[in-house]
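Undergrad: Please arrange chain V on chain P, whose structure you already have, making use of the hints.
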Amino acid sequence: MAMISTQLRNFREPTKDQLTQLFFSLPLDAQVGVGEKVNEQERMDISAVLTLGQDAEEDPYPGKLYLLPPYLTFSSLDRKSVRFTLPLCTIRRVERLNARAGIYALSLSLWHGMKIVVQLTSLRPTADLFCALLRDALKAELQRGQMKAVKGFVKTCYSEVLVASSGDDSKDSAASKADGDVSDSSESMYLGGLGLKFKFPGDPKKLREASKSKLWTTYLKCHGRNLTLLRYPQCTRLVQVGLPNRLRGEMWETLSGSIYLRFAHPGMYERILKDNEGRTSTSTEEIEKDLHRSLPEYSAYQSEEGIGALRRVLQAYSFRNTETGYCQAMNILAAAILIYMSEEQAFWLLEVICDRLLPGYYSPSMHGTLLDQRVFESLVHRCLPVIYDHFTQVDVQLSVASLPWFLSLFINSMPMVFAFRIIDCFFCMGPKVLFQVASSLITTYPPLTHIQTAILKINGEKLLQIQDDGGFIHLMREYFASLGDSAHPESSDPRARAITRFQELLLVSFREFAVITDDTILNERRKFRSEIVTSIESFSKRSAIRNLKTLERFTKEQAGLIYDALFKAICVEPPPVAPLPPVALLTTKDTGEERPETRIGLKTFRVFLSEIATWARTEKIVSNGFQQRVDRTIAEHELIDRLFYFWDTSYRGALSLQDLVSGLNGVMFNDLMENIEWFFNLHDKNKDGYLTKDEVLTLSESLLFIFRFEIGDAYLGAVSRFMSNAFEYGDALLPRPDGSDLDDEPPPVESNQPYMNLATFRMVVLADEILESFFETDFSSTFRLEPVPIMEIPNSNTGLLGGLWQNIASDDNRKIFQKVTDEIGKTIGKHQVFHRPAIGKFTHLEEPKARESLLTGTMRRSASKSSLTATESSSGVAAPSALQTSSSSTLTVDQQSLASDISSSEFSPMPSIFQAAANAAAMMERTPFAIDDAKDDDEESDDGSEIADDGVMDEVDAFLEAHDSGLTEAERELAKDLINAEPVK
Amino acid sequence: MADSASGSADRSVQVKLVLLGEAAVGKSSVVLRFVSNEFQPNKEPTIGAAFLTQKCRLEDRVLRYEIWDTAGQERFHSLAPMYYRNAQAAVVVYDVTKASSLEKAKTWVKELQRQANPNIVIALAGNKIDLVQPSPSPPSTPGSPEPEDEADDATATPGENAGVEAGEGENLRQVPRDEAEAYAQEAGLLFFETSAKTGEGIVEIFTEIAKKIPIDQILASTRGGAGRPGAPGARAGNAQQTGGVNLEENNAKKDGCAC
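For the protein sequence lines, the chains are P and V, in the order given.
So in the UniProt record's numbering, spot 542 of the first sequence is number 542, and the numbers just go up one at a time.
So in the UniProt record's numbering, spot 120 of the second sequence is number 120, and the numbers just go up one at a time.
It is worth saying that the hints were derived from the structure and are not from the lab.
Some clues are possibly wrong.
Derived pair list, reagent style EDC-like, types lysine to aspartate or glutamate, alpha-carbon separation capped at 16 Å [stated by the list, open to error]: (1) K603(P) to D631(P); (2) K541(P) to D518(P); (3) K693(P) to D731(P); (4) K685(P) to D641(P); (5) K43(V) to E288(P); (6) K197(P) to E288(P); (7) K549(P) to E59(V); (8) K43(V) to E297(P); (9) K274(P) to D389(P).
Okay, the calculated bits of chain P under chain V, using three or more residues with CB under 8 Å as the criterion [as the list claims (entries may be wrong)]: (10) 86 to 97; (11) 217 to 227; (12) 291 to 298; (13) 326 to 332; (14) 466 to 476.
To give a feel for the contact side, a few chain V residues facing chain P, derived at Cβ under 7 Å [unchecked claim]: (15) E44; (16) P45; (17) F51; (18) K106; (19) T107; (20) L112; (21) Q113.
Backbone N, C-alpha and C define an ideal beta-carbon position, used for all residues, glycine too.
Bound-form chain P, shown alone (with noise of 0.2 Å):
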């Protein structure tokens, strides 16, 4: 049951540049992506100093000026109090001015007739370059005719209506050439949302719409507006005392950055709806659970029109976020944009508040959630520690009031009015504002992140009264109640008494929590995003064992276990995102009714079953002088893509934790004759009870496989000999035509006809000891259950030097570290590799002393038993009776030369099993075998092995002495130094 996601797993700290696009509300790269070509443009920063007009409206500001192509932007050196982002496109003449000396100034004049200039203070020649590239950018977007689409773009906009309609007695009146476009946009249909109809809540004359208006009109006149504005300290103060509702809608797009989504991909929405059209998914339904439980209030939304709008805008995101899909709160967040924004827009705004704004938030973990209520805590600890200390006292959480504000951004929480002027400073200030006013909330009210902080410091004294739960929640709601009432109406002074208790608790917000910023989240979020991810995980695997029908016969642990490596698995080999289901196929509801669940593909198993079984994965033991280490990689053979059809036993080509827990449980926990079957089941691909001679080789091949690794020939022999007994008892025991004799050839089976049943397979199998012990105890104890090392959670320490260790320790630089000492180990001949065995029983070379051919055809009985010596199991096992077979390969060890093998290499201190195993192997070494090797097995491989093995270990030793004496002094020196290092963890 449930999903596995690894998600959080692939998260990555933002770049420096992704940090500069954030703040700049661009589109992150990765999203600029998509579709199409970004054309590879020269980044640049400069320092500059910015003037506004001929007239200089407002003061010069120092900052940086960032070409990042298609835009240039600009922030003030305190990054608050002036910034803006243009399209480069918008820019419609540069020019370079002719000033004093050593001044480099450009002239920038702007779509909307502002002319900006800004003051290249850095040296010549970076300036020089910075003016290339600013003319490079500029003519590739010339090309791309995007100067073009900006005239139809803003007819789109409100606020070409709200200046064109302010008269054009300005002077600037939207400049020169603009003049016949002002004249064109006053009749053009601008977008507007469905408070246009519907009305937009609140009383127009309380919230003084017309001199907000106003005074917008006035600040656009000069400082641009939608693609162009330029973000001074007045519009900052404009927002915060709440936006006027036409304009509402575009300035959020303004101030999000969702506009330059919406001007890049023009006709996106549409066609989106339009390639999905019909398609339903679990999102849809889910979708349309809540159409008409959003904001069921505003008239709007008890009209088709508005329910209809809002289906299309969730459906739209859904499908092209399929990840996220839809999550119970983005319909009130929808639906409350939709009020002042057309479809369009609120769809664009929507993915830059669920992408950018509040990431994880919506996920189907809600990491993104969880993680900032744990960092509101954090900060309510920091800033309201008497507070924080009384809640932990009386055991109340924070976020059991907090969480609700934070996910639909006191959409309804609160009135919805205030709640609209909390989303203004949210889109202008970004999400620290929702800390901030949390934080003023619990102060005097429990605060929001600003909002969040505000609330609770207003609400102090109240919240250190409470005794629970229930009571913060009680307090929070009558407060919420109360915003519109005066904040102190025992106040003699009129203008004292007309400040709301909503305008106190901004003001408590962004004065007193001024603290709180961009940079304190970011840092807190690093910090404690490990400690979330690890708690979701935990909870996750947690639930998914205890959703399992069945453990079978493993403990919870064990189950654990294996939940780790499937874990791991699927963080390697992440299975394919399941597909939408095709349009109009399997709509009707009911047959849909699973839930999903992870379930894991060939690839995935693979990676899956080399952290279970030793034999799915090859193990080389890599000594190179410095650092011992295991390389292991995935083996790929058919005996695991058979495992894998096999325990798909609905067969749906994939399998879920169940079935991996139920196909381990039929093998783990077996006993000898278990084995045997389920080993022929396996095999036994029709299941028809027979084996066909193919299935027959394949199993051979199997078990070659399983034992590709071992030491010795002994269990070669095995499989050979189980070959050349199979087909004699396979052959005897035919069936025969009636009356024929028993002297007769059998008559032939095809190699794809039945052939061998169980009890024959059986009988072959006990005829040998070796392969009877692998089956009694071997076979089952290759499935391992171990602790699946910890995997680091990409961390994200904080700091400099948390960053640096990081990007020294990457999987990358590893292999590079690996690679070096590698070398270096190679040429002082230190370099070695041995596979380790997946059963590891015969840990020294041991070799038959004299082996009689196994297929001459005739059945040999020998009454004397196969003694396996220096391996403790065989000794128990009883000889299992007659059938015993004629293999009498009596195996000795050498156990002087193995003596001396250790002690002529030298090796860095390590574990002594693997010492003895890696030296046997290094003798040994062989290429995996075919059954054609086995067939030709015999005493020659015996000398011969031990030839070429000794020449092997002569190569070595004369590599050895040949390089050691090349080492320079300083070389040496430093291998020592190496060696002494501490290894890279």
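TA: Same frame as chain P, now just chain V:
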């Protein structure tokens, strides 16, 4: 603001109760019926959790239910522990017309039994039985154009509404009463079938829970925190307006209780 603690508060016992269950089975509607005896066709989905209170009288005791009504969407699941921690009672709701919702209910029960307060009293409620009963009250003519009233609550999708009108009574039922009841018995849960729309079985849930809760224990444990019941602001919930429910009235017609 808050009415100050009255004498009766001394004897009132706070019971924290949490509602769990799949999305759109009618959790919020069950609470709304219990708390204000109302039924709203369009309820906003619960974000995180909603909090409501209701006072009840049982014999000589006054119980104050603090109800946490949680969000049902799967992805909110990981938030649930925040709400069920310290809960003394839980109502796990499923929809009798949707078999999968019982499966989800079972996983909730399992989780509660493993993770929550060990003495938690759990009730299983099969909601929306109005959809599977031949409607005894104003017989709605088949095909009558009032789909919104047909369904138990607004969360029923239009498709389901259509189904209500087409399908007659029992054949909409996907969870047989016997099956759910047997499960409840086995898992040691109280069991009810309810309709938030008609009100059937709703009060009974809370009555039976009240009877089963070790009130004296709770009293003993909370007595330490003096003044707790009178915490200002704690009792001004919108629930209070409707007044308390007298649980004893309903004792007579209590429904099949598995305890």
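Undergrad: Report holds or violated for chain V covering the region 86 to 97 of chain P, Cβ cut-off 8 Å, minimum 3 residues.
TA: Contact hint for the region 86 to 97 of chain P vs chain V: violated, 0 residues under 8 Å.
Undergrad: Could you grab the alpha-carbon distance between K603(P) and D631(P) and see if it respects the 16 Å cut-off?
TA: violated, 19 Å
Undergrad: Assess, step by step, whether the Cα of K197(P) is no farther than 16 Å from the Cα of E288(P), and give holds or violated.
TA: Given that 16 Å is the threshold and the Cα spacing comes to 24 Å, the pair is violated.
Undergrad: Would you check the hint for K541(P) and D518(P), treating anything up to 16 Å between C-alpha atoms as holding?
TA: Given that 16 Å is the threshold and the Cα spacing comes to 33 Å, the pair is violated.
Undergrad: Have a go at the E44(V) hint: is there a Cβ in chain P nearer than 7 Å to its own Cβ?
TA: Holds, because the Cβ-Cβ distance from E44(V) to chain P comes to roughly 5 Å (cut-off 7 Å).
Undergrad: Grab the minimum C-beta distance from K106(V) to chain P and call the hint holds if it beats 7 Å, violated otherwise.
TA: For K106(V), the interface hint is violated, since the closest Cβ of chain P sits about 9 Å away, which is over 7 Å.
Undergrad: Does the alpha-carbon distance linking K685(P) and D641(P) stay inside the 16 Å limit?
TA: holds, 12 Å
Undergrad: Tell me if the straight-line CA distance from K693(P) to D731(P) falls inside 16 Å.
TA: holds, 10 Å
Undergrad: With 7 Å as the cut and Cβ atoms as the points, is L112(V) at the interface with chain P?
TA: violated, 11 Å
Undergrad: Do at least three Cβ atoms from the region 326 to 332 of chain P come closer than 8 Å to Cβ atoms of chain V?
TA: Answer holds; 5 residues pass the 8 Å Cβ test.
Undergrad: If you draw a straight line from the CA of K549(P) to the CA of E59(V), is it 16 Å or shorter?
TA: violated, 43 Å
Undergrad: Measuring from the C-beta of Q113(V) to each C-beta in chain P, is the shortest one below 7 Å?
TA: Violated: closest Cβ of chain P sits about 10 Å from Q113(V), beyond 7 Å.
When each numbered hint is compared with the structure, violations occur for hints 1, 2, 6, 7, 9, 10, 11, 18, 20, 21.
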